[in-house]
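J.: Sequence:
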Amino acid sequence: MSSSTDVAGSILGPSALGLGYLEAGSSTKRLASVIIETLLSDYSAVILSSFSQLRDSIHNRPLYIMMEPSLGCDPMHDHEAPKDVSPLFGSYIDRAESQILTLPTSVLRLKLEEQIVQLLNGLSSENSELHRQLDNVRSLLADSHLQVNSKDSLMSSILKSKSDEKVRLLSEIQLLREQLYQKRVHGGVNVYKPDFGYNESGGHGDTDERDTRELWNLRLKDKDDEILQLNKQIVALKEELSVLKGFTKDSLDEAERHRLEALGKSKASLSLEDENTLLKRKLDELQTQYQTDLDAATASLEALRTENTNLTQTTGEQEAELTTLRNRMETLESKALVMETQLAEAKQRHAQDTEVLRRELEKANAAATTAKDSLKKQALIADRLKAEMEMLMKENGENSLVKDLQQQIEKQQKDISKLTGDIKIYRGKLANANNKIAKLTGKPVPQRKALDSDASEDLTSSDIYEPEGDDNNFGEGPTQVTTTEETMECTSNGLSEDSDQLEKEEISGQVGTDKTAALITKYREIVCHLARIPDAKLPKTLGGLTKFLSSRLKKASSANIDGASNAFDDSTSDLKKKGKASKARQGKPVKALE
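In terms of the working numbering, the sequence shown opens at residue 253 and continues consecutively.
Treat the hints as calculated values from the structure; they're not laboratory data. Be aware that one or more of the hints could be misleading.
[To be verified] For each label pair, taking beta carbons as the anchor points, the in silico distance ranges come out as: (1) Glu-569 - Tyr-344: 17 to 25 Å; (2) Arg-578 - Glu-537: 27 to 35 Å; (3) Arg-347 - Glu-320: 15 to 23 Å; (4) Glu-585 - Leu-364: 41 to 49 Å; (5) Thr-593 - Glu-554: 20 to 28 Å; (6) Thr-290 - Arg-347: 25 to 33 Å; (7) Arg-384 - Ala-572: 41 to 49 Å; (8) Asn-373 - Glu-554: 17 to 25 Å; (9) Leu-340 - Gln-370: 27 to 35 Å; (10) Asn-373 - Arg-509: 25 to 33 Å; (11) Leu-364 - Glu-537: 53 to 61 Å; (12) Gln-370 - Thr-290: 49 to 57 Å; (13) Arg-578 - Lys-615: 26 to 34 Å; (14) Asn-373 - Thr-558: 58 to 66 Å.
Quick caveat: nothing in here was measured; it's all calculated off a predicted structure. The C-beta atom is built at its ideal place from N, Cα and C for all residues, glycine as well.
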């Protein structure tokens, strides 16, 4: 407010000299603008401060809220801590603040400008009246100055004329007195020519002298009367001069008082005449500027009215747009609630799917373990058949049964390779399932270590002869798209085909020649011995297996034919049972593996 006061003081400066009406132009506009801006800025600051305090109060007063989506409420934990409710009312507070700062500001601006202009116009009229009175005092002062000057000049001229006349008369009287004195001293001697009463004839008679004396007496008397009159006039003039001096002194005192008052108001060091000239010049300039500013103020007022109309229309459009946006926001909030509900349902389904996949993975792991055990058993059977084939080949290398057994062993090896491929397929399926679980849960699934065989994933004979309890290294493999049912079906098909082939070979061997029958009987004895021995006691290499079978055959040579026949029947029944079991597993592969 101090700056506006200083500006107001500087603008109202000419009013001290009685020139208030000069300020109704640009000065009035500037003053009104400064006052309005100051008031509106203070008003806006107060409004902003009040709304800021309101927001802080709401923020510092949390409440216990339930079932409010915009605040992220959780019915399970809403009672544990209060929540800040300022987001609920923030938009309403902002809208109220904007309306209070926008709409009343334009109305206040117009009303304040109108009131300030009226007030300044009233002050201008009052200053004009004071200016007129000051002009009257100045004119009276000028007239009194002129009268005093004229009377001073008249008195000076009269005094000068009277003084000159007095000096002349005194000199003339002094001269006449000197002449009379010389005449008395010298008597009748005519030593000089008198200035007065001289006879042209060259002499003075008594009559002439007497006339001359009378003439001089009369002239002296007239001069004395004239001097007396002059003295009276001098006394009258002195009295008039004293009166004029008193009047002039009062007038001068009054004029000086007015001048000092004017100088005190204007605080100027110029004389009244120079100031009057300067003020008249300023008056002309300010009148011109007043008219220009008045026209500009009128045009500005019209522009402000037009702008107010435009702002009102814009405000209405913005209110309509704000209503539309609010409705759209409510629609989006409802959609967000629906999407949150759907998200919760999707999370629940995701958890259920993850649990199902985990169960399937556990079943697949169990199936893989069973398949691995079957593969090891199948490899052991292949080694037994291979050893038998070598022994038979030593006895009779050209026997067709040996060739059939060799083909059967090769087929068995192919089946083992097929099982190895199936295990690789299972590994790919297992890795694919782990990846799906990791994507669904967002966490990596721990995987089992791969089989250690020269850092490769191929199944070798060392994997086949591993201890049965070491199943921890089974679980990884290349990513391939297949199912557990397909893998187990392939494994069951391979086992069943091997059992059927063995059964067919043994049955066909019964209708051969005698030599073939002997070989078959020996083969049956080997199979019976191998069937009675536990898997843990069987040799792990082909040489060891050969030595083992040789010693067993020597011990069994003392046995009779009936025992061999019974053993053959037992082995045949065992093979049939194995074939039926493999067929059963082929019909229900997953259940058999479990």
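J.: With reference to the structure, classify each hint as holding or not holding.
T.: Quick rundown of the hints versus the structure:
Take Glu-569 and Tyr-344: their Cβ atoms lie about 21 Å apart, and the range 17 to 25 Å holds. The beta-carbon spacing between Arg-578 and Glu-537, approximately 58 Å, falls outside the hinted interval of 27 to 35 Å. Between Arg-347 and Glu-320 the CB atoms are about 20 Å apart, so this pair conforms to the stated range of 15 to 23 Å. Taking 41 to 49 Å as the suggested C-beta distance range, the pair Glu-585 and Leu-364 conforms, at roughly 43 Å.
For the pair Thr-593 and Glu-554, the supplied restraint of 20 to 28 Å is violated, since their beta-carbon distance comes to about 59 Å. The hinted range of 25 to 33 Å is satisfied by Thr-290 and Arg-347, whose Cβ atoms lie roughly 27 Å apart. Taken as a hint, the range 41 to 49 Å is violated for the pair Arg-384 and Ala-572, whose Cβ atoms sit roughly 58 Å apart. In this structure the hint that Asn-373 and Glu-554 lie 17 to 25 Å apart at CB holds, the actual value being about 18 Å.
The given range of 27 to 35 Å is broken by Leu-340 and Gln-370, whose C-beta atoms sit roughly 47 Å from each other. Asn-373 and Arg-509 have their C-beta atoms about 32 Å apart, which keeps the hinted 25 to 33 Å range intact. Separated by about 29 Å at the C-beta atoms, Leu-364 and Glu-537 break the suggested range of 53 to 61 Å. About 19 Å separates the C-beta atoms of Gln-370 and Thr-290, a value inconsistent with the hinted range of 49 to 57 Å.
At roughly 56 Å, the beta-carbon separation of Arg-578 and Lys-615 lies outside the given 26 to 34 Å, and the hint is violated. Asn-373 and Thr-558 have their C-beta atoms about 24 Å apart, which leaves the hinted 58 to 66 Å range violated.
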